[in-house]
Each structure stands twice: as structure tokens, then as C-alpha cells.
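S.K.: The lines below spell out each chain.
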Amino acid sequence: MRNSLKLFAVIAALSASLAAQGGSDTKGKFFFKKNCKSCHAAGGSAKEITPLSKTQAQWKAYFAAGKHKKGAERIDSIVKPEQVKDVQTFLVNHASDSPQPETCGG
Amino acid sequence: MGTIRMDRRLFLKSAGATAGAVAATQVGCLKYFKKGRSSAAETKEIPTTCELCPNKCSAIAVVEGGFVKKLNPNPENPKSRDMLCARGNAAIKQVYDPDRLKQPMIRVGARGEGKWKPVSWDEAFDFAAKKLSEVKGNYGPEASLWSSTEGFQEVFFKNLGLAFGSPNLVRHPTLCLASVNLAYSATFGTVPSFDLLNSKFVIMSGANRFESIITPDTMDLIGGVMERKAKLVYLDPRFTVTAAKADEWYPIKPGTDLAFILAMIHVIIAENRHSKDFVAAYTTGFEQLTEHVKQYTPEWAEKETEIPAKDIVRIAREFADAGARALYYAGRRSSWYQNDFQMRRAQAILNAIVGNWDQMGGMVPNAKLPKGEFLFMPWDEPKAPRVDEIKTAFPLAAAGDGVYLKLRENVLSGKPYPVKAWMVYKQDPMNSLPDQAKTLKMIEQMDFIGVIDVQMSDMAWYADVVFPESAYLERTDPVEVMPGIWPAVVYRQQVVKPIHDTKPNLEIVQGLAKRLGLGDYFDYTIEQWVEAEFKDLPIPMAAEHMKKHGVWAASGQPSYGKTLTPDHRFVTKTGKIEIFSERLQEAGYDPLPVYAAPVQPPGDRFRLILGRVGYFTHANQSNNVWLHEFMKENDLWINPKPAERLGIRDGSYVSVSSSVGSVKLKARVTEEIRPDCVFMLHGFGKKSKMQSLVYNVGASDAVILETAWDKVSGNAAFHETFVKVANA
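These protein sequence lines map, in sequence, to chains A and B.
Mapped onto the numbering used here, the consecutive letters of the first sequence carry residue numbers 1 to 106.
Mapped onto the numbering used here, the consecutive letters of the second sequence carry residue numbers 107 to 834.
What the hints contain is simulated information worked out from the structure, not anything from laboratory work.
A portion of the hints provided could be inaccurate.
Said to hold, decoys possible - Calculated pairs, DSS-like style, for lysine-lysine (alpha carbon to alpha carbon, straight line, at most 30 Å):
1. A:K70 - B:K242
2. B:K682 - A:K80
3. A:K54 - A:K33
4. B:K242 - B:K544
What the hints assert, rightly or not - Computed list of chain A residues with no C-beta within reach of chain B, every gap over 12 Å:
5. T26
6. K29
7. K33
8. K34
9. I49
10. L52
11. A61
12. Y62
13. G66
14. K67
15. A72
16. P99
Stated by the list, open to error - Here are the computed distance ranges between Cβ atoms for each label pair:
17. A:Q58 - B:K668: 19 to 27 Å
18. A:G66 - B:Q401: 50 to 58 Å
19. A:Q58 - B:E333: 44 to 52 Å
20. A:A72 - B:D427: 55 to 63 Å
For glycine and all other residues, C-beta sits at the position ideal for the given N, C-alpha and C.
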């Protein structure tokens with residue numbers, strides 16, 4: 001099986017299995033980069049967004065509202081509903097006021 | 107039957123196969139066979155990135171007839187500039203080291219006995235996967251520990267541990283700079299670079315930067331301090347090379363640096379010499395600091411530090427006068443004491459109040475460069491809590507790094523759960539952790555130990571299986587961004603093919619992953635990984651550029667002051683530079699640095715202090731034959747007064763004993779150390795017979811160091827051991 005197909009199949013399986021659980025930082029990072037960064041990157045079609053773009057409270061509020069493009073779309077129409085919690089977990093964990101000390105390499 | 111030409115490689119392969127067939131074999135040091143070189147051999151120059159220390163200097167390998175003949179510095183890297191230190195040059199001898207690991211091996215004697223069976227890669231992978239699966243089946247995936255040290259291919263090892271389902275990754279920072287990283291992160295939200303090249307006034311506490319590791323910072327110090335005549339004030343119980351180059355050296359009473367810094371802050375605030383505009387615009391908590399430091403007078407500090415109060419006052423004034431171009435330099439050294447985080451916090455606060463943030467000659471937030479990222483398939487998060495209980499024991503520490511000594515304590519106690527398998531990459535816990543006897547106990551209680559390394563480290567010597575990694579000159583690694591004042595992207599590409607039956611770490615990880623049922627998570631090649639990283643480099647023909655040059659740096663001069671705007675948000679809780687830290691207070695720590703006098707050694711003992719030399723800062727290079735030429739053995743520095751009292755003569759052997767162990771060393775009787783301390787270098791006294799130059803030569807500090815850690819970061823505290831010294 002080609003890498004991309006295999007990846008797709010496993011992501012779908014993983015997403016479904018996680019739907020009812022707490023968010024995953026690892027998966028959230030993957031889904032954020034796969035889905036959000038395709039537009040929200042430097043030089044992309046939308047404003048660049050990183051976890052540091054908001055504070056933890058702002059990210060929580062953003063996901064509570066669940067809206068994208070200033071309310072024109074629902075966030076779960078951009079990121080699959082079962083992936084939203086993972087993306088939220090990743091963004092909150094690495095927000096601009098998150099206690100994430102820097103490290104050496106790694 | 108045709109004639110078979112026996113070259114060196116074929117010889118080694120056949121030697122390995124024969125050895126494997128005759129069962130248990132004591133593996134000695136196979137001598138490296140010189141291969142005849144053709145006078146018409148083609149010469150190539152291949153850019154790559156050094157791996158002999160963490161600084162990632164750019165190098166150009168001169169390859170002749172398939173051999174690395176010479177390594178030159180690559181002037182295109184603005185951070186390493188046109189420099190490759192002695193250690194960098196000696197990387198050639200890492201490749202052609204007769205002691206290095208040449209094929210996978212499985213232990214056949216007792217752990218540490220040195221009896222090994224050379225095996226095929228399949229046998230090694232099958233053996234390790236079986237053992238890891240047994241531990242997983244019996245105790246759960248969390249019963250496996252994955253230890254690693256910084257490196258371009260470390261990511262693959264960590265990912266294997268996580269995909270296996272273990273939360274117990276433990277990296278090197280709590281044996282290194284975790285207290286610095288945490289203190290500066292807690293204050294500024296980031297760990298800045300120090301613009302030593304342009305500073306006017308530098309203070310260092312025990313970071314022996316002219317001698318202990320040679321990096322671009324060393325070069326900047328030489329440029330700033332030696333050539334531009336910046337002033338250097340240096341505090342160290344020992345007269346080091348840095349002391350010799352400093353304008354002022356104070357043999358400070360060990361463990362009292364925090365008192366010196368607090369008294370400096372006291373003077374600067376009391377005399378209204380702080381940068382008022384900067385403090386008002388960018389910091390929070392200055393009022394609390396003002397009240398807090400009233401108690402820390404220079405006269406009080408003199409009694410603690412043994413540095414005269416008048417000097418503390420004068421230094422504080424000169425420091426504040428230099429203002430934005432004054433630096434209390436964090437240096438590059440590990441934690442010495444249990445208050446190391448708070449000492450680092452005090453340094454950060456002192457720097458903040460003179461307004462050196464984001465200024466030429468001051469502390470500069472690191473500029474970064476973009477690169478692409480290979481998106482690998484994510485796995486389920488490990489479900490168990492970490493065995494080191496970091497969330498409750500060290501709530502502010504970097505969870506992904508773990509806290510090594512607390513982890514070891516918990517593993518030894520079996521609480522909160524048993525750990526029975528230990529995988530190690532590019533790390534030697536036998537020498538990098540204090541109290542080697544405890545590490546040996548930890549080894550004893552493991553059902554399985556696997557080590558991936560270029561050489562037979564002491565940790566590898568005690569493993570059940572060793573996986574030989576290709577040396578950096580033999581492999582291609584992921585692309586790395588080097589943030590800094592002069593940011594760069596560096597590329598490490600294969601210079602020569604592996605000369606032995608070794609593999610890059612990624613392929614070792616893939617071999618294990620496949621047998622552990624995790625192959626899908628690692629289904630890519632290093633070429634695919636690197637191509638994805640090249641993709642987002644903002645330069646045309648990025649892949650071609652990186653392969654041709656080995657480095658890309660943004661052109662132009664350093665950019666200062668980008669964060670000095672009204673709307674800039676520091677990555678802290680308040681968005682400001684946090685002099686007073688609510689987050690520390692909420693976690694139960696002092697929100698401002700509070701001084702507590704260190705316990706002093708009783709009359710018949712000395713405080714053991716440690717240090718490094720640039721030839722082999724880390725323990726893993728002392729067996730390199732070129733570097734070994736510089737220093738063949740470590741010794742014990744002792745002041746003439748106690749030496750006379752104890753009847754110790756220069757050059758005689760002494761025993762050095764702590765509560766956890768005893769070693770024998772030659773004494774160096776010297777005025778260049780305080781009478782209440784003794785000093786030894788790191789990196790000798792190896793237990794591995796495949797470290798032949800330093801096997802049982804000198805002594806390992808790990809044998810006598812006691813277990814102690816910084817209370818906030820969990821960083822090992824290496825200067826908290828008292829020793830007895832006597833003629834051996």
C-alpha cells in the first residue's frame with residue numbers, strides 16, 4: 001500500500017476510535033498541520049496561525065464557539081468533528097501563555 | 107573457484123561471521139586495517155554538520171579515495187563561522203576508531219562481563235523485539251524506558267518509544283541545562299542568546315567558557331572580551347583558563363552565587379540605576395522585587411560569598427552603567443546546587459532590570475528560520491502516567507524530557523509501577539548520572555537493555571544487545587534549524603559509506619518497529635523526510651543548495667529590538683517579562699529568588715566540584731585517539747594547605763570517598779583551587795574494555811557523586827557531594 005493511502009486509512013481508524021476520548025496532543029499537532037496549515041501558513045491563502053497566536057483562554061473560547069472564517073463556517077466543517085478535540089488540545093497546550101519551557105534539541 | 111580479494115571490509119565481515127559461529131567470543135579491539143590508497147584517488151569536498159558536540163558547526167569533509175582525509179570549517183555558517191574545534195576535527199577518528207562497534211552483538215556472559223556474540227541485524231532485531239514484547243505483555247508498555255540525548259536522529263528513537271506506548275521518555279536536559287531553560291522560560295517565555303560579541307560587560311558564574319567547551323560563544327567571548335576589551339568578571343572556586351583571561355576573578359565560596367546576584371540587584375535598585383523605562387514597559391513584579399531585595403545588602407553578601415562588599419557595589423554600578431550591553435551570562439554548564447533554578451532566575455531578573463533584553467550586546471531572543479516538516483502518522487497517546495511523576499513532583503518542568511534522577515529513584519523503588527526494559531540511544535547513563543552504583547542497581551533489575559550507539563559506551567557494555575549506529579560522517583540526518591542571533595539551517599549528509607556493518611538510527615528504529623508491529627508509523631525514508639524539510643526553506647532550489655553548501659543562513663545583520671513593541675506578548679502567563687512569577691507561586695515555589703546558605707562540608711571533608719575541558723566536554727569523546735593525545739588521565743586538584751595537612755604530595759595517588767563510592771586518582775597539588783574544595787574532570791575511568799584508552803584509567807566522577815537535584819527543574823545538582831581525601 002502506498003504511504004499516503006495507508007496514512008489515510010489509519011488516520012480514519014484512529015480518529016473514529018478516539019472520538020469519545022480526551023484530546024491527543026500528538027494527533028492534534030498532526031491534524032492541525034495537515035488541515036489548518038494548508039491555508040494558515042506564511043505565504044498561504046489565509047493569515048498565518050500558530051499555537052502562539054492565542055492564549056489558552058482564547059483558544060478555548062474559539063473552540064467553544066466552534067466557528068471558522070469569522071462565523072461563516074463551522075470549525076467541524078474544516079476539521080473532522082472527531083479531530084476537533086485533538087486540535088484544540090494541541091493548540092491550548094502550546095498557546096502563548098502555556099507553561100511550556102524550552103528544551104535542548106529534541 | 108576464483109580468487110577472493112580480502113579487503114578490510116570483507117575481513118571484518120568474515121571475522122564477525124566466524125566469531126558468531128564459534129559461540130561466545132570475547133570481543134577485543136579489532137585493529138583497523140589501512141587500505142592502500144591510489145595516488146590518483148578522486149578528491150571530493152562534501153559539506154556536512156558536525157555532531158561531536160551539540161553546537162552543530164558546519165564542516166566540509168575532504169574525501170579522498172573513499173576516506174575522510176580532513177575536515178575543514180565551513181565559513182558559510184554565521185553561527186559557527188570559520189571554526190571547527192579540536193573535537194570537530196577529531197570526528198575522523200570516530201569513523202576510523204578501532205574500538206568502535208562494528209556489528210550488532212548480543213551479550214552471552216553476565217552483564218558487564220564483556221562476553222558478546224556478533225549477530226546479524228535480523229537476529230538483533232528479533233531478539234530485542236521479543237524481549238520488549240515480553241515486557242509489554244507482562245507489565246504493559248509503560249514498563250519500558252526510552253533514554254536519549256540530543257541529536258538529529260533522536261526524533262526517530264523518541265517516536266518509537268511513544269508509538270510502543272510508553273510515556274517514559276527521558277532525555278538529557280535534567281543532566282544538563284534544564285534549570286537554565288526553565289528559569290529563562292519562566293521569566294521571558296523563551297531562552298535567549300547572549301550577544302557576547304557586542305557586550306561591554308560580562309559576568310559569569312562558574313561557566314568556564316574559554317576552556318570547557320569550544321563553541322561559537324567561545325569565539326564571541328574572544329572577540330568581545332579579548333579584542334573589543336569588554337570587561338569580564340568571573341566567579342569560580344577554581345582558577346581556570348577563563349579566570350586567567352578575565353579582568354577580575356573571585357574565588358567565590360561555593361554555592362553562594364545567588365547571594366552575589368541578589369546583592370547586585372539590591373545595589374542597582376537602591377541607587378536607582380535600573381532601566382526605568384524598560385522595567386515599566388515590559389516587566390511585571392518590580393515593586394515586589396524592590397521590597398524583596400532590601401534584605402540582601404552587599405555587606406550581608408560579603409559574609410556569604412567572601413567577595414568584598416565594596417567590590418560587589420562597584421561591580422553592580424559598572425554593570426548597570428553598561429546597561430543594555432551588560433550581560434550576566436548563563437554560560438553552558440549544568441546545575442551545581444539544589445537552588446540552581448532560583449540562581450538562574452536571579453540572573454535573568456538582573457539582566458531584565460538593566461534593560462538588556464533584545465539589544466545589541468545584550469540578551470537577544472532567538473530568530474528562527476522556516477523549514478518544512480515531514481508529517482508522520484500519529485499514534486495513540488501513551489495511557490499510563492510517567493514513572494517519574496513529573497506532573498506532581500516538578501509541575502513546571504518540561505514533561506517531554508522527564509526528570510532523570512527522580513525517575514531513577516522511582517524505578518529503583520518499583521513505584522508507582524515496575525520498569526523492566528531500558529532502551530538507550532546516544533547516551534551513557536553510567537557516566538552522566540551521579541551515583542553509578544544506583545545506576546548499576548537499576549540495570550540489574552531490568553529484564554532487558556538495548557543500546558544504540560556508535561561506540562561501546564559503559565552503558566552499552568552493560569546492555570543485552572548493542573545496535574551499532576553509523577558515525578555522523580557515514581549518514582544523512584534530518585535538517586535542523588539553528589535559532590539564534592545569526593539563525594541558520596544546517597544539513598548533515600553522508601560523506602562516506604559506512605565502513606562497518608552499521609546503520610543509521612532511523613533504520614535501526616525501523617527494524618525494531620517492523621517486528622513490534624509498528625512499522626506503519628515509520629514507513630518512510632530519510633530522503634523523504636529531508637525532502638519534506640527542504641520544501642519550505644524560503645530559497646530557490648533549496649535541496650540543491652543544501653546539498654551543495656550544507657547550510658543556509660538569512661543574509662544581513664542581526665536584527666535587534668523586534669520584541670520591543672507595545673503590542674508584543676511574551677510567552678508568559680501575563681504576557682510580560684515576569685520578575686515576580688505567579689506561576690511559580692501557584693506551583694508552591696518562591697515567586698522571587700530566596701537565598702538559603704548552602705550546607706558546608708565538615709572539617710575533614712571537601713566539596714567535590716566538577717568541570718570539563720574542550721577536548722572531550724562530554725564523557726563520550728575521551729576515547730578518541732586524537733583527543734586523548736591532549737589529556738590521558740584526570741587528576742584531583744587539591745590546595746597545598748589541606749594537602750600538607752593530609753601528607754599528600756603532588757603526583758601521588760589519593761583515594762577520594764563519598765557516601766556512595768570511592769575512586770583513586772593522582773593528586774595535583776595547586777594553589778588554583780580553594781582549600782575547601784577538590785576538583786576532578788569528567789569522562790575518565792571507563793568500565794568498558796572497548797574504550798581502551800580510558801578503560802580503568804583515572805576515575806569517573808559518577809562513582810562518587812551523590813544524588814541531589816534542583817528543587818524546581820529537577821536538574822541534577824552536581825556540587826552537593828562532600829568527599830574525604832587520603833593517600834591511597
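S.K.: Take the hints in turn and mark each one as holding or not.
M.R.: We went through each hint and held it up to the structure:
Among the hinted pairs, K70 (chain A) with K242 (chain B) is inconsistent with the structure: their alpha-carbon atoms are about 48 Å apart, more than 30 Å. A C-alpha spacing of about 36 Å is found between K682 (chain B) and K80 (chain A), which places the hinted pair above 30 Å, so the restraint is violated. Between K54 (chain A) and K33 (chain A), the direct Cα distance comes to roughly 17 Å. Compliance with the 30 Å bound is thereby established for this hinted pair. With a C-alpha separation of about 24 Å, the suggested pair K242 (chain B) and K544 (chain B) falls inside the 30 Å cut-off, and the hint holds.
Not every CB of chain B is more than 12 Å from the CB of T26 (chain A) (nearest about 5 Å), against its label as outside the interface. With a closest Cβ-Cβ approach of about 7 Å to chain B, K29 (chain A) is found to fall inside the 12 Å limit, against its non-interface label. Under the 12 Å C-beta cut-off, the non-interface status given to K33 (chain A) relative to chain B is violated; the minimum distance is some 6 Å. Against chain B, the non-interface label of K34 (chain A) is violated: not every CB pair exceeds 12 Å, the least being about 6 Å.
Against chain B, the non-interface label of I49 (chain A) holds: every CB pair exceeds 12 Å, the least being about 14 Å. Once the 12 Å rule is applied to beta carbons, L52 (chain A) is inconsistent with being away from chain B; the minimum gap is 7 Å. The non-interface label for A61 (chain A) is consistent with chain B: the shortest C-beta to C-beta separation is roughly 17 Å, beyond 12 Å. For Y62 (chain A), the non-interface assignment is confirmed: its Cβ lies about 16 Å from the closest Cβ of chain B, beyond the 12 Å cut-off.
At roughly 23 Å, the least C-beta separation between G66 (chain A) and chain B is larger than 12 Å, which holds for a residue marked as non-interface. Annotated as non-interface, K67 (chain A) keeps its C-beta farther than 12 Å from every C-beta of chain B; the closest such distance is 23 Å. With a least CB separation of 27 Å from chain B, A72 (chain A) remains clear of the 12 Å interface cut-off, as annotated. Listed as a non-interface residue, P99 (chain A) fails to keep its Cβ farther than 12 Å from every Cβ of chain B; the least gap is roughly 6 Å.
The hinted window of 19 to 27 Å between Q58 (chain A) and K668 (chain B) holds, with their beta carbons roughly 22 Å apart. Separation of G66 (chain A) from Q401 (chain B) is about 52 Å and conforms to the stated range, judged on CB atoms against 50 to 58 Å. Hint check: Q58 (chain A) to E333 (chain B), Cβ distance near 48 Å, so the stated range 44 to 52 Å holds. Judged by the Cβ atoms, the range 55 to 63 Å given for A72 (chain A) and D427 (chain B) holds: they are separated by roughly 57 Å.
The earlier numbered hints that this structure contradicts are 1, 2, 5, 6, 7, 8, 10 and 16.
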